[in-house]
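Visitor: Modelling step: build the complete structure from the supplied sequences, incorporating the hints.
There are 2 protein chains.
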Amino acid sequence: MVGMRGAYGYNDNGNEGGVVVGGGEAEAEIAAMAVLHKVAAPPAQSTASKLKARVKETFFPDDPFRGFKGKPLTTKWVMAVQYLFPILDWVPSYSFSLFKSDLVAGLTIASLAIPQGISYAKLASLPPIIGLYSSFVPPMVYAVLGSSRDLAVGPVSIASLIMGSMLRQAVSPAAEPLLFLQLAFTSTFFAGLVQASLGILRLGFIIDFLSKATLVGFMAGAAIIVSLQQLKALLGIVHFTTEMGLVPVMASVIHHTKEWSWQTILMAVCFLVLLLTARHVSMKWPKLFWVSACAPLACVIVSTLLVFLFKAQKHGISIIGQLKCGLNRPSWDKLLFDPQYLGLTVKTGLVTGIISLTEGVAVGRTFASLKDYQVDGNKEMMAIGLMNIVGSCTSCYVTTGAFSRSAVNHNAGCKTAMSNVIMALTVMVTLLFLMPLFVYTPNVVLGAIIIAAVIGLIDLPAVYNIWKMDKMDFLVCLCAFAGVIFISVQQGLAIAVGISIFRVLLQITRPKMMIQGNIKGTDIYRNLHQYKDAQRVPGFLILTVEAPINFANTNYLNERIKRWIEEESSAGTKQSELHFVILDLSAVPAIDTSGISFLIDLKKSTEKHGLELILVNPTGEVMEKIQRANDAHGHFKSDSLYLTTGEAVASLSTFSKMTAP
Amino acid sequence: MVGMRGAYGYNDNGNEGGVVVGGGEAEAEIAAMAVLHKVAAPPAQSTASKLKARVKETFFPDDPFRGFKGKPLTTKWVMAVQYLFPILDWVPSYSFSLFKSDLVAGLTIASLAIPQGISYAKLASLPPIIGLYSSFVPPMVYAVLGSSRDLAVGPVSIASLIMGSMLRQAVSPAAEPLLFLQLAFTSTFFAGLVQASLGILRLGFIIDFLSKATLVGFMAGAAIIVSLQQLKALLGIVHFTTEMGLVPVMASVIHHTKEWSWQTILMAVCFLVLLLTARHVSMKWPKLFWVSACAPLACVIVSTLLVFLFKAQKHGISIIGQLKCGLNRPSWDKLLFDPQYLGLTVKTGLVTGIISLTEGVAVGRTFASLKDYQVDGNKEMMAIGLMNIVGSCTSCYVTTGAFSRSAVNHNAGCKTAMSNVIMALTVMVTLLFLMPLFVYTPNVVLGAIIIAAVIGLIDLPAVYNIWKMDKMDFLVCLCAFAGVIFISVQQGLAIAVGISIFRVLLQITRPKMMIQGNIKGTDIYRNLHQYKDAQRVPGFLILTVEAPINFANTNYLNERIKRWIEEESSAGTKQSELHFVILDLSAVPAIDTSGISFLIDLKKSTEKHGLELILVNPTGEVMEKIQRANDAHGHFKSDSLYLTTGEAVASLSTFSKMTAP
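From first to last, the protein sequence lines are chains E and C.
FYI, the numbering for the first sequence is 1 to 661, going by UniProt numbering.
FYI, the numbering for the second sequence is 1 to 661, going by UniProt numbering.
In case anyone wonders, no lab produced these hints; they're calculated from the structure.
Here the structure is a predicted model, which means the values were calculated and not measured.
Here a beta-carbon is modelled for each residue, glycine too, at the ideal position from N, C-alpha and C.
Careful, some of the hints might be misleading.
Stated by the list, open to error - Here chain C is said to cover these stretches of chain E; the calculated rule only asks that three of the stretch's residues, wherever they fall, bring their Cβ under 8 Å from a Cβ of chain C:
# : region
1 : 54-67
2 : 237-251
3 : 541-555
4 : 623-637
Claimed, not checked - In silico contact screen, one side only, chain C against chain E (beta carbon under 10 Å); selected entries:
# : residue
5 : Ser49
6 : Lys50
7 : Lys468
8 : Ser640
9 : Gly646
Guide: Spelled out as structure tokens, the structure:
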């Protein structure tokens with residue numbers, strides 16, 4: 001009646017997996033009964049020890065203190081200090097040859113950091129000098145606390161954009177510059193607090209919820225929003241909209257055609273072409289990375305000279321204007337915890353904190369994996385968080401590891417975080433002595449620098465790859481992109497995260513269930529749809545469920561399985577009448593109380609239809625709960641639990657043959 | 001060197017699963033290479049057809065129109081009408097004997113519905129007569145549209161409580177009774193709209209997100225909140241707080257001790273004891289179900305007589321007062337779509353709609369499974385939704401299938417939805433002729449009736465069962481309970497749903513990963529922790545992942561696997577040196593672009609450590625994406641893909657033995 005009767009011969013004293021060919025004889029059948037392997041529950045554990053294991057796996061998956069075990073107390077102390085200050089890892093063995101590499105890299109990224117710092121501060125509607133301040137203190141802090149060797153720290157475009165747009169909703173930077181500055185510092189403080197807390201509370205996995213697809217779409221959208229904002233500087237428009245969306249900005253641009261200044265536009269086109277060419281050169285020949293690294297500073301110098309020589313500021317070219325010399329002033333007295341603005345600053349801090357953390361950690365991980373060293377995500381979060389808290393007290397706004405500058409740092413051959421120190425010192429020199437030189441720097445060149453920097457965030461090959469791999473991911477990517485450019489930066493992000501999470505929930509609400517068949521001549525059971533040589537076993541309905549069984553899917557599973565049984569029963573001829581429903585639980589990692597109730601209900605309802613429900617290979621937690629349900633109600637005796645589908649089919653078809661008339 | 005070399009002999013022309021015992025000879029090794037089974041990708045499908053299948057499985061898992069296939073057009077039409085009006089299923093074959101059963105059941109639930117209707121309307125701060133109206137029209141509508149045979153339709157305690165508490169936040173029912181009534185009808189309209197839409201859009205799975213644990217905790221909390229509200233009536237307090245939480249209500253009760261009326265309290269104690277005793281009797285001897293079913297009406301009659309005879313209303317006993325005779329008046333002109341209240345009514349409709357839907361569908365399913373018939377969740381939603389839309393136009397507020405009355409209906413032997421019609425007609429007679437009899441009904445007896453009804457919602461055995469089964473579920477239950485009694489009904493519910501969903505996400509963020517070992521003498525590989533007789537295979541690290549691999553867990557998987565490899569490599573002696581990392585993907589139902597990147601990265605980084613990464617048994621979707629990644633980059637050639645762990649180990653250990661010096 002049933003095709004498969006292969007049965008294992010249990011061979012206890014050797015390494016060879018010997019297998020007896022099952023014939024039609026009674027002996028073989030008895031042998032088949034004898035070698036069944038029992039489903040075991042994991043060894044009993046107390047709730048407390050289970051909880052401990054769960055907490056450890058959730059919050060300390062990297063087990064950061066595993067090296068500490070069995071060491072003497074003093075060693076433990078030294079290791080703890082080294083853990084907190086990664087600088088101690090490399091400073092003792094620091095050599096002159098390492099310094100030479102770091103010096104070159106540090107100077108290179110400084111030449112990028114100075115113009116970008118000024119530009120990004122303007123993007124956040126902050127005074128340009130704040131961007132330079134933010135390229136001085138935070139890199140020094142990071143050099144002490146950070147564990148990445150390649151991260152170049154400073155202000156970044158997207159966090160600047162978000163901070164500016166969120167704060168501008170409540171306060172006008174033109175009307176109340178001091179208040180705006182205070183709010184920026186306070187938001188930075190909260191951003192740092194959020195980041196450090198995530199690290200300390202080991203909640204770093206929060207940022208994992210920003211999937212690659214979300215980030216690709218979000219970054220591309222943000223790059224376009226940032227570029228659109230630069231149209232003000234590039235076209236020389238004076239009365240520009242304060243909104244950020246694609247539609248209002250384009251409307252504003254078209255509406256103010258009269259304000260367009262041809263001198264500004266000419267300059268914009270020239271420098272943009274220059275910068276993009278430099279970028280193209282560096283991308284084509286990676287050894288020429290310094291071309292694009294130095295281009296922005298070169299543009300600033302050339303454009304400043306041009307303005308100075310031709311007195312272009314009198315011909316419609318707007319310039320930065322006077323900047324004060326001097327280092328960061330303390331700003332802890334500027335932190336504003338006024339309840340009126342507390343909600344705004346906390347929210348701004350949360351959003352910019354998480355976004356900049358995502359960028360920083362991702363950049364750190366990317367380069368760590370290139371050079372094959374480890375970056376501890378939670379430790380990085382603490383470092384970035386502390387850096388921002390210190391920054392908020394020293395006139396800096398949100399900073400993190402910037403992707404473009406870190407890439408330059410890496411290409412320039414940096415060896416340790418010393419390159420950040422070199423960069424900071426260069427910025428310091430600039431702050432102390434060179435500020436008057438920026439008086440005539442035209443805003444248009446800053447706009448061009450920003451566009452050339454953010455254009456790299458539009459990653460078309462990644463979008464194509466996502467499209468090819470996974471259409472749902474592509475949808476997420478598209479929603480993030482459209483949300484950012486048409487609604488707002490924060491809401492676009494929220495929509496994309498929402499869709500990503502909804503998708504994960506949907507996978508659980510509608511788990512994959514497959515009918516399995518036997519691959520001819522073997523003991524292997526596989527999905528009928530995927531394996532053409534798999535064949536149905538008459539009399540059996542073999543199902544796999546590929547998801548945790550819980551409240552979100554028990555109703556679905558119940559209806560779906562009943563429908564299958566119904567279809568089988570109505571389709572079956574007398575010969576292939578359905579007797580057994582096998583539920584393979586190998587791919588069910590967890591089950592909850594609703595799930596257990598579902599299994600019990602299914603058992604009862606299959607019995608009503610004269611069928612037997614067999615469970616195969618429940619994993620640890622699931623087996624434990626089935627056992628507990630058994631203790632209470634006795635639904636799943638050991639004769640309805642099998643270790644493999646093969647053993648279940650062999651044993652049950654033997655049995656039904658023996659009891660058949 | 002390696003213990004297992006069992007290999008399948010491929011036997012093509014028979015049903016017997018024959019297996020060749022693998023020896024040390026070269027022939028056997030070549031045989032082992034020959035019988036490897038290839039991992040297949042599912043047959044290619046276009047994106048559109050995949051999308052269609054996915055949509056069908058998501059929204060039409062029950063395939064409601066499968067019976068329609070291949071039928072002539074007229075039959076299809078008849079079936080469609082029958083689908084829309086389930087009454088047509090049973091009316092043609094309705095008999096006198098069925099009617100007798102339904103008559104008894106209908107009269108029994110009517111005796112329960114009349115006092116409960118009045119009580120629940122008061123709970124929602126609505127005029128008592130609205131409760132009776134709501135027990136007249138909606139049951140008639142349900143009888144035509146509903147597919148459950150046991151559901152007794154009418155107002156229910158929790159939806160009444162929530163509607164009252166949400167609307168009272170904006171409008172005082174005492175100061176603006178007409179406006180309050182308008183808002184109640186409008187909320188009912190939106191509740192019906194939400195319910196019907198969920199059904200029509202086949203989004204019924206939304207209510208699945210209320211897990212059993214959430215509902216048990218929520219119901220218990222709501223029962224306590226409802227009971228606390230009755231202290232006003234039971235103690236005769238006049239100035240009662242309008243808040244609902246445990247703390248403010250108890251404070252108010254203690255603060256107003258002077259208002260306590262001993263006559264009221266005496267009456268409250270007597271009737272409460274009576275009702276609870278009746279309940280106890282019915283629970284102990286299910287055949288005496290009519291005792292608790294008739295007790296509320298008996299109490300109303302007795303207490304009304306007592307008040308009437310002793311003129312107790314003059315001794316501090318508050319009474320219902322004059323009620324107008326007459327049937328439901330149309331109320332569509334009372335629906336209020338004023339933007340000022342639109343947000344409130346939509347929100348109230350959403351919350352009460354979903355809560356009452358959950359109760360109605362769950363009750364329907366429970367009794368359907370007892371009598372072994374099918375209830376179509378989405379169709380039920382449409383029926384309940386339409387019932388509420390019609391109700392909102394005929395002076396009714398939110399109604400659904402009530403658990404307690406449905407249980408009485410079932411016990412009383414109802415056969416079809418006709419029992420609802422009988423109940424509605426009884427209520428109609430009451431509305432037309434018997435309203436003046438309620439003038440002297442004391443409010444205290446209504447309070448006692450509510451408490452006796454909601455006490456059944458506190459399901460301690462279920463709580464104990466949840467505690468025993470699953471500690472996390474217990475936590476969810478506890479949070480729902482505490483949230484409801486200390487914060488608010490809606491927020492308690494939101495917290496519990498949030499925790500349930502967070503838990504599901506956490507399972508994905510921290511998926512179970514296990515090291516597998518070989519069960520001696522077989523080809524079976526199982527979790528080492530669970531199976532004590534499973535043994536590590538030297539040279540191999542065999543891992544299973546039990547979750548979809550996606551953005552939420554790739555970082556974790558990456559770190560965790562690298563740590564395992566590191567530990568293995570440092571612990572391994574020369575003899576048992578690690579060569580192969582096997583990743584068993586049997587339990588990975590889906591993968592996204594982040595997941596594919598992770599696999600590629602893992603492949604590269606294991607190669608750097610001189611290891612080989614082997615993938616075993618990728619399921620349909622996963623295999624498809626691996627193949628696509630292969631087409632683009634060629635990372636996973638067929639020699640790193642195996643169908644079973646057994647075949648992979650056999651083949652690879654043979655190979656490494658052949659190439660060993």
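Visitor: Could you run down the list of hints and mark each one as holding or not?
Guide: Hint by hint, here is what the structure shows:
1. 54-67: Our answer is that it holds, as 5 residues pass the Cβ test (under 8 Å) against chain C, meeting three.
2. 237-251: violated (count 0)
3. 541-555: holds (count 9)
4. 623-637: holds (count 5)
5. Ser49: Check failed: Cβ of C:Ser49 comes no nearer than 12 Å to chain E, outside 10 Å.
6. Lys50: Constraint on C:Lys50 satisfied, holds at 8 Å.
7. Lys468: holds (6 Å)
8. Ser640: Result: violated, 19 Å to nearest chain E Cβ.
9. Gly646: Interface hint status for C:Gly646: holds (8 Å vs cutoff 10 Å).
Against the hints set out earlier in the document, violations occur for numbers 2, 5 and 8.
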